[in-house]
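Quick note, the sequences are listed as chains A and B, same order. Heads up, the first sequence is in our numbering, so the first residue is 1 and it goes up one at a time. Heads up, the second sequence is in our numbering, so the first residue is 1001 and it goes up one at a time.
FYI, nobody ran anything at the bench for these hints, they're computed from the structure. A hint or two may mislead.
Some chain B residues flagged as far from chain A (calculated, every beta-carbon gap over 10 Å) [what the hints assert, rightly or not]: (1) I1008; (2) L1013; (3) K1014; (4) N1058; (5) S1068; (6) C1101; (7) N1105; (8) T1106; (9) L1110; (10) S1175; (11) T1204; (12) F1246; (13) K1286; (14) T1316; (15) K1320; (16) K1364.
Partner residues are not named here, just some residues of chain A that face chain B (Cβ under 8 Å, in silico) [claimed, not checked]: (17) R186; (18) K225; (19) L242; (20) R277.
Backbone N, C-alpha and C define an ideal beta-carbon position, used for all residues, glycine too.
2 protein chains.
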Amino acid sequence: MGKIKTLIIQKSLKLDCGKIIKDFPIAYETYGKLNKKKSNAILVFHALTGDQFVSGINPITKKDGWWSFAVGPNKAIDTNKFFVICANVIGGCMGSYGPNCKDANTNEALGINFPVITINDMVNAQYNLLEFFDIEKLFSVIGGSMGGMQVLQFASNFPNKVKTVIPIACTSNHSAQNIAFNELGRQAITADNYWNNGDYYTNTNHPNKGLAVARMAAHITYLSKKGLQKKFGRKLQQRDDLKFGFDADFQIESYLRYQGSVFVDRFDANSYLYITRAMDYFDLTKQFDGNLSKAFLNTKAKFFVISFTSDWLYPTQENKEIVFALNSIGVDVGFVEIDSDKGHDSFLLDVPDFLNALRNFLEKSIN
Amino acid sequence: MGKIKTLIIQKSLKLDCGKIIKDFPIAYETYGKLNKKKSNAILVFHALTGDQFVSGINPITKKDGWWSFAVGPNKAIDTNKFFVICANVIGGCMGSYGPNCKDANTNEALGINFPVITINDMVNAQYNLLEFFDIEKLFSVIGGSMGGMQVLQFASNFPNKVKTVIPIACTSNHSAQNIAFNELGRQAITADNYWNNGDYYTNTNHPNKGLAVARMAAHITYLSKKGLQKKFGRKLQQRDDLKFGFDADFQIESYLRYQGSVFVDRFDANSYLYITRAMDYFDLTKQFDGNLSKAFLNTKAKFFVISFTSDWLYPTQENKEIVFALNSIGVDVGFVEIDSDKGHDSFLLDVPDFLNALRNFLEKSIN
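Based on the provided sequences and hints, a complete structural model is requested.
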């Protein structure tokens, strides 16, 4: 896959599970130009099903990059001004070290022999990109959802390496309901006979049905009840009336089926297991003995926390807890709750209030 | 199954799909005694996964009946005073006409040859119980969730046959989000290879994994985010720390797995498909040309609508729409929103404010 830029990390990295990895790949992409002072770099972290192809056309899927609304020339994260780097997380399936990588000894895909990784592991792996680009200090770390968790972990691990920190629609510790939805997805995948205990890469059939069900479940959580009602309601799918069968009568049904079916073409079921596990394990508060403020004691960065009114997966209250923790130790932090009925997905969509807030914060932080 | 009382309906019933059924079974149970005037009968309608065994020990599962908190001697629905009848819905799997019934011609289970049924069909089938017990007018129809939908449909279809009407935690038309969650459950079931297009009754393997995933998905929606956080949070399952594997680390994970595993012992996957379909098809407003009030124009019954603060599946707003529709035509209707963090499941649980409200309304309505 020549379309994927890959950096082989030759230093060893001790994972939270205790295992040490070495000579592993980090796949990345960049947008814009790094200036001479190397002061305009932004590290963007992707969410559960994202990848390094933030903007423009994704060369693998041939679709728009996942954050094309926010990142690009003259966009909120303006690539005429900033040098944007994004890496595929370890555990992912777009070129970084993940369960679809081959074991050097057996030449077979790792599958569930891949180690269980954490958000902390992801961030520590990506830190190597700073050395690769010879960047002393990032202008910003930005990400939504699981990307926001990485933002928080990065700011905590490397307090002197970043000027501004923008966690969006995220949390400092995964809630019981979110663990429940992730577990549901994992159960759907492992219930698929073709999952075959994670060993399916050379088989004709992959656990696509299970992965599609997992995606459908997650997709419902990305949208708000009100947004779904406005967009779909009880509208029927190319038919005048109910058909009294199990085909998709309602538009919401065919929409979900479509979301499931296109997802399996671009994502690996084992990666879904590993990345959701990393999200569930994320508890920055617990890492600092129950005091989230301690995670940021050494930071001099400016923070900007963004939430969305209709996001019920990472509701405003959970985002505010981050603000409170920063406030209590006097860290410079801004916060905005954006009014949107598009649910958790708001951060990926064309929500002008959000994009303007993001743009303004970055612009003001340049000087 | 001698523990199941069954009435064979010898009249023909035209279903909404157009098919006419005849000589089909309705399985039912009763609690308390019908008085001489036959004026103390309450027809209780069960929800998606319920059955006719409302109270006491369910003779099939050996567990408490699904509404034991509410129904029984001296309970809110006091069987010392009232004669409670509950029937398994058609489409169900506890003795009423459903996909696990055998085709008289082939002597094989109907499977997906069972007709797609509606809430209206369920109610019309159960109406036969009034004739069977020679009841001119029910004291009340009561039900939560899908049971509430049946309550509304019954009150609309048979306005002179009931004195009081108590829909609980329900809606007059299934929302896009609720259709989405039901579709997710159906996709999980049909993704299971053992589902075999609904033809599995004589096979060794049933689609239990798919059905368990469907149940897990639904179960999450029955609880509130806050309730889950209070009950489970990030508590670990009989272990001191994370195990860096895919076993259940968190209590919420093992709880969900348990809910899935016990469900498959008592429920039929095809019934799950048919009953969720009936829920999704429910739109009493559409039945009356977009005017819900018209559904109740002929009623003289007293209504009492109950919702719960943390129910996000059938939120208060949707319950209030029923109240507004009744108000606008001057129907006698009471309404209460019960404060509870137990989510949609509140109506099945020991929520004293709810049970007291139910008891008080029934007591006052006796005279």
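Each hint tested on the structure:
Non-interface call for I1008 of chain B relative to chain A: holds, since the shortest CB-CB distance, roughly 25 Å, exceeds 10 Å. With a minimum CB-CB distance of about 15 Å to chain A, L1013 of chain B clears the 10 Å threshold, and the non-interface call stands. With a minimum CB-CB distance of about 13 Å to chain A, K1014 of chain B clears the 10 Å threshold, and the non-interface call stands. Residue placement check: N1058 of chain B keeps its beta carbon more than 10 Å from all beta carbons of chain A (closest about 26 Å).
In this structure S1068 of chain B is separated from chain A by more than 10 Å, as the shortest Cβ-Cβ distance comes to about 26 Å. Taking the minimum C-beta to C-beta distance to chain A, about 18 Å, the non-interface status of C1101 of chain B holds against the 10 Å cut. Every C-beta of chain A lies more than 10 Å from that of N1105 of chain B, the closest at about 21 Å, which supports listing it as non-interface. For T1106 of chain B, the non-interface assignment is confirmed: its Cβ lies about 21 Å from the closest Cβ of chain A, beyond the 10 Å cut-off.
Residue-level check passed: L1110 of chain B sits 14 Å from the nearest beta carbon of chain A, beyond 10 Å. Residue placement check: S1175 of chain B does not keep its beta carbon more than 10 Å from all beta carbons of chain A (closest about 6 Å). Non-interface call for T1204 of chain B relative to chain A: holds, since the shortest CB-CB distance, roughly 14 Å, exceeds 10 Å. A beta-carbon of chain A comes within 10 Å of the beta-carbon of F1246 of chain B; the shortest separation is about 6 Å.
At the 10 Å boundary, the C-beta of K1286 of chain B falls inside the reach of chain A, the nearest C-beta of that chain being 8 Å off. No Cβ of chain A comes within 10 Å of the Cβ of T1316 of chain B; the nearest lies about 13 Å off, and the non-interface call holds. Its beta-carbon lying about 15 Å from the closest one in chain A, K1320 of chain B satisfies the requirement of being farther than 10 Å from that chain. A cut-off of 10 Å between C-beta atoms confirms that K1364 of chain B is not in contact with chain A; the least separation is 35 Å.
Of the supplied interface hints, the one on R186 of chain A holds, with its beta-carbon coming within about 7 Å of a beta-carbon of chain B, less than 8 Å. The closest approach between the C-beta of K225 of chain A and any C-beta of chain B is roughly 5 Å, which is under the 8 Å cut-off, so the hint is satisfied. Contact between L242 of chain A and chain B, as hinted, is supported at the beta carbon level, the nearest pair being about 6 Å apart and thus within 8 Å. Checking R277 of chain A against chain B by beta carbon gives a least distance of about 7 Å; that is within 8 Å, so the hint holds.
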